[in-house]
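Undergrad: Chain by chain, the residues:
2 protein chains.
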Amino acid sequence: MPTSSPSPSPTTTFNTPYLRAARRATVKLNDLPPAIDWTLARRTTRMNPSVIREILKITERPGIISLAGGLPSARTFPVSAFAAASAAVLARDGAAALQYAASEGFAPLREAVAAFLPWKVAPEQVLITTGSQQALDLVAKVLIDTDSRVLVETPTYLGALQAFAPMEPRVVSVAGDDQGVLIDDLRARMGTGADKARFLYVLPNFQNPTGRTMSAARRAALVAAAAELRLVLVEDNPYGDLWYDTPPPAPLTAGNPEGCIYIGSFSKVLAPGLRLGYIVAPAAAYPKLLQAKQASDLHSPGYNQRLVAEVIRDGFLERHVPTIRALYKQQCAAMLAALDEQMKGLSVQWNRPDGGMFLWLRLPEGMSAQALLPKAVARNVAFVPGAAFYADNADPRTLRLSFVTSTVEQIATGIAALAGAIRELA
Amino acid sequence: MPTSSPSPSPTTTFNTPYLRAARRATVKLNDLPPAIDWTLARRTTRMNPSVIREILKITERPGIISLAGGLPSARTFPVSAFAAASAAVLARDGAAALQYAASEGFAPLREAVAAFLPWKVAPEQVLITTGSQQALDLVAKVLIDTDSRVLVETPTYLGALQAFAPMEPRVVSVAGDDQGVLIDDLRARMGTGADKARFLYVLPNFQNPTGRTMSAARRAALVAAAAELRLVLVEDNPYGDLWYDTPPPAPLTAGNPEGCIYIGSFSKVLAPGLRLGYIVAPAAAYPKLLQAKQASDLHSPGYNQRLVAEVIRDGFLERHVPTIRALYKQQCAAMLAALDEQMKGLSVQWNRPDGGMFLWLRLPEGMSAQALLPKAVARNVAFVPGAAFYADNADPRTLRLSFVTSTVEQIATGIAALAGAIRELA
Numbered sequence: 001m002p003t004s005s006p007s008p009s010p011t012t013t014f015n016t017p018y019l020r021a022a023r024r025a026t027v028k029l030n031d032l033p034p035a036i037d038w039t040l041a042r043r044t045t046r047m048n049p050s051v052i053r054e055i056l057k058i059t060e061r062p063g064i065i066s067l068a069g070g071l072p073s074a075r076t077f078p079v080s081a082f083a084a085a086s087a088a089v090l091a092r093d094g095a096a097a098l099q100y101a102a103s104e105g106f107a108p109l110r111e112a113v114a115a116f117l118p119w120k121v122a123p124e125q126v127l128i129t130t131g132s133q134q135a136l137d138l139v140a141k142v143l144i145d146t147d148s149r150v151l152v153e154t155p156t157y158l159g160a161l162q163a164f165a166p167m168e169p170r171v172v173s174v175a176g177d178d179q180g181v182l183i184d185d186l187r188a189r190m191g192t193g194a195d196k197a198r199f200l201y202v203l204p205n206f207q208n209p210t211g212r213t214m215s216a217a218r219r220a221a222l223v224a225a226a227a228e229l230r231l232v233l234v235e236d237n238p239y240g241d242l243w244y245d246t247p248p249p250a251p252l253t254a255g256n257p258e259g260c261i262y263i264g265s266f267s268k269v270l271a272p273g274l275r276l277g278y279i280v281a282p283a284a285a286y287p288k289l290l291q292a293k294q295a296s297d298l299h300s301p302g303y304n305q306r307l308v309a310e311v312i313r314d315g316f317l318e319r320h321v322p323t324i325r326a327l328y329k330q331q332c333a334a335m336l337a338a339l340d341e342q343m344k345g346l347s348v349q350w351n352r353p354d355g356g357m358f359l360w361l362r363l364p365e366g367m368s369a370q371a372l373l374p375k376a377v378a379r380n381v382a383f384v385p386g387a388a389f390y391a392d393n394a395d396p397r398t399l400r401l402s403f404v405t406s407t408v409e410q411i412a413t414g415i416a417a418l419a420g421a422i423r424e425l426a
Numbered sequence: 001m002p003t004s005s006p007s008p009s010p011t012t013t014f015n016t017p018y019l020r021a022a023r024r025a026t027v028k029l030n031d032l033p034p035a036i037d038w039t040l041a042r043r044t045t046r047m048n049p050s051v052i053r054e055i056l057k058i059t060e061r062p063g064i065i066s067l068a069g070g071l072p073s074a075r076t077f078p079v080s081a082f083a084a085a086s087a088a089v090l091a092r093d094g095a096a097a098l099q100y101a102a103s104e105g106f107a108p109l110r111e112a113v114a115a116f117l118p119w120k121v122a123p124e125q126v127l128i129t130t131g132s133q134q135a136l137d138l139v140a141k142v143l144i145d146t147d148s149r150v151l152v153e154t155p156t157y158l159g160a161l162q163a164f165a166p167m168e169p170r171v172v173s174v175a176g177d178d179q180g181v182l183i184d185d186l187r188a189r190m191g192t193g194a195d196k197a198r199f200l201y202v203l204p205n206f207q208n209p210t211g212r213t214m215s216a217a218r219r220a221a222l223v224a225a226a227a228e229l230r231l232v233l234v235e236d237n238p239y240g241d242l243w244y245d246t247p248p249p250a251p252l253t254a255g256n257p258e259g260c261i262y263i264g265s266f267s268k269v270l271a272p273g274l275r276l277g278y279i280v281a282p283a284a285a286y287p288k289l290l291q292a293k294q295a296s297d298l299h300s301p302g303y304n305q306r307l308v309a310e311v312i313r314d315g316f317l318e319r320h321v322p323t324i325r326a327l328y329k330q331q332c333a334a335m336l337a338a339l340d341e342q343m344k345g346l347s348v349q350w351n352r353p354d355g356g357m358f359l360w361l362r363l364p365e366g367m368s369a370q371a372l373l374p375k376a377v378a379r380n381v382a383f384v385p386g387a388a389f390y391a392d393n394a395d396p397r398t399l400r401l402s403f404v405t406s407t408v409e410q411i412a413t414g415i416a417a418l419a420g421a422i423r424e425l426a
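Residue numbers (full-length UniProt numbering), protein chains in the order written: chain G, 1 to 426; chain W, 1 to 426.
Please note that a few of the clues may not be correct.
If chains are identical, the list can't say which one is meant, so a pair holds when it fits in one copy or spans any two.
[As the list claims (entries may be wrong)] Calculated lysine to aspartate or glutamate pairs in the EDC-like style (CA-CA distance at most 16 Å, straight line):
no., residue 1, residue 2
1, Lys-375, Glu-424
2, Lys-196, Asp-37
3, Lys-329, Asp-184
4, Lys-344, Glu-424
5, Lys-196, Glu-228
6, Lys-329, Glu-424
7, Lys-57, Glu-104
Hints listed in this document are in silico derivations from the structure and should not be mistaken for laboratory results. All values derive from a computational prediction rather than experimental measurement.
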């Protein structure tokens, strides 16, 4: 029997109100409560606060120009369309919109998703999720055992690493170039037998963090290699509609729907605050993803699903998304122009994205993005050091710049400040 | 290297569209895709479709009176209040409501939760979740390792069993009586050393499925025993506000806030379709619950959180919840009256709830609720067999009746039909 200690172990944050509560509470102990055995699950050692969210706290300081966050431009949110849809949905179907609903999602929204995807998808394959982050959580629950090998790009989306981590995989990076993953390295990292990779997670369009896009040829090679290797692909496509001049090549999933899980999102084409994304999965995986979804949050908010279904019927996205493309193209061009001007003579490299929200910058040899960050913040500009996006062997010289949250004027000022910080550190 | 088969393994549901898609897709394979190795995680063998949701499909048949579902009465949903709040939030803070937001939740909503709970709670302890189902998922992720001992009531909430299952605990039932868990049996089931129970999951008020309420004396004994045993309590309280004549005793958490995780919900006092619940946790558990939340869906929909904060300011719940109580009290009374009348001479037992949405019925010796269900459905009434709510050693004679979804007239008709089915089977 554990001995009870006379007072609780002190905590800095919550101590006082708790002690007061213990005295006030109707249910009373004779003494103050003893320390409790909080044995946390082993997986919690793999959980960490998001580096990005920590940096975002810095960027809330007035006067800071944030090139750090992945927040879509609030100028693109169709507020009045949502106001009209809210009124219409509540007037027409208020009780149903506010009631419990099917775990699969609202049928008209599933039908809309199936209809707008660029390959043949049945509505029964669509699972509506609470943002695409939940899709990653469900994939992790259904496909990852402890120590399972999971392949990712170099670098890869931080939120995916965070979603996979609680299921305790061994995450292995596949090398890439400016067209995407290298097929030879994929073969080398596959693993065999029980250690065979459960899947490759890949974000082919305007990738977060690099902004790069996988070429059509590389997609064909990857789909063929995955089929030959009998490797599942988990394709994440939150940014695919945000192309500037020409649409990206067809999704990988279109080439082998039975071997892929496809993840999409309404966060970048409508608004993230509704938290709606979706999975398209074949019969081999759908039922377990659905059961995992049911256990995770029963269903995504039915009210929100009806709002989105109401907003997007009658071709709204076809009118709205081009305005987002035009804005982001302009902001990307502004950042590229500022980089061309400000980084002269600095041995800094960056790419020229064809869409999306981010570009990827590499500092001169020997310089660390982590060391640069405080210098940049001192000059009122923030970015995300690239190291957060690597599963292993991070390149300390890399950093991610977002060009969609700030204005064109802020981008120019911010890049000038960044160049100043680089010169200071060089 | 695996050999590639010449055609995909046929699936009944999705075969045809996929084959068509494979032919149409821009990215093409030379042959049809070979079978892919879908190695699902071991935990998926613990996932199952919800029995209740399967029964709900039956109840969608026209003419069926459902005493099965746990759906709050749609008559209680404050549709016009949500319409006004939607208009106000989008007009005032549209861009912010539709943007990404903090994982902890919307600050004014966290403050409101802290303020209305009946013990001293700091807003920093409140974590807004996507329904209380997600709270259970987060608790499982943070507190359960494979084969961890987890204690539950006999019977217990099915959704909790489903939320815990993916983390692969050994779930152990603690015996109870009409006042709640039996303290002696709790001691007997605690386990020791590495097998010590990680927590006891308990739903003290108008429990789902039984409708029973833990007495003040039993609460005091449980809090004292848990403190002595240094056992974490996970207290789930979705129905606590739905009392009929007198409020239930204070929450267990009020007696030992450092040793409890408290889970609440807006689903039963406002509407489930917004998917908003909350956790109150001490500093020992909060940071990891927050990190698990972030990895699960980044944050709960900010729009919904602002809607609820808007609706409940100025004391709305104090005016609204009494109308729900009055309605459910009336419906509960109708069911009890119908049972008193219809079950005469049938050796059927049931309890008389003091609040909530459910009551628990026990069939005559030798009779199985599972066998009764088709007979009842043939008479156009549905219920949930009790077996689904037991972690082990289910009592096959038990069943759950909900009195909130149907009208008073439907309840009378439904109970008469149920009595007829029992007579048929007896």
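Undergrad: All hints, please: hold or fail.
TA: Evaluated hints:
With identical chains, the CA atoms of Lys-375 and Glu-424 are at most 16 Å apart within one copy only, with a shortest distance of 8 Å there and 82 Å across copies. Proximity of Lys-196 to Asp-37 under the C-alpha cut-off of 16 Å is restricted to the inter-copy arrangement: shortest distance 10 Å between copies versus 38 Å within a copy. In the homo-oligomer, the alpha carbons of Lys-329 and Asp-184 never lie at most 16 Å apart, since the shortest distance is 34 Å inside one protomer and 68 Å across protomers. For the identical chains of this complex, Lys-344 and Glu-424 are intra-copy neighbours only, at 15 Å inside a copy versus 89 Å across copies, given an alpha-carbon limit of 16 Å.
Within a single copy, Lys-196 and Glu-228 get their C-alpha atoms as close as 14 Å, which meets the 16 Å cut-off; across copies the closest is 47 Å, which misses it. Taking the shortest alpha-carbon separations for Lys-329 and Glu-424, neither the intra-copy value of 31 Å nor the inter-copy value of 72 Å comes in at or below 16 Å. Proximity of Lys-57 to Glu-104 under the C-alpha cut-off of 16 Å is restricted to the inter-copy arrangement: shortest distance 13 Å between copies versus 35 Å within a copy.
Violation of the numbered hints given earlier is confined to hints 3 and 6; the remaining hints are satisfied by the structure.
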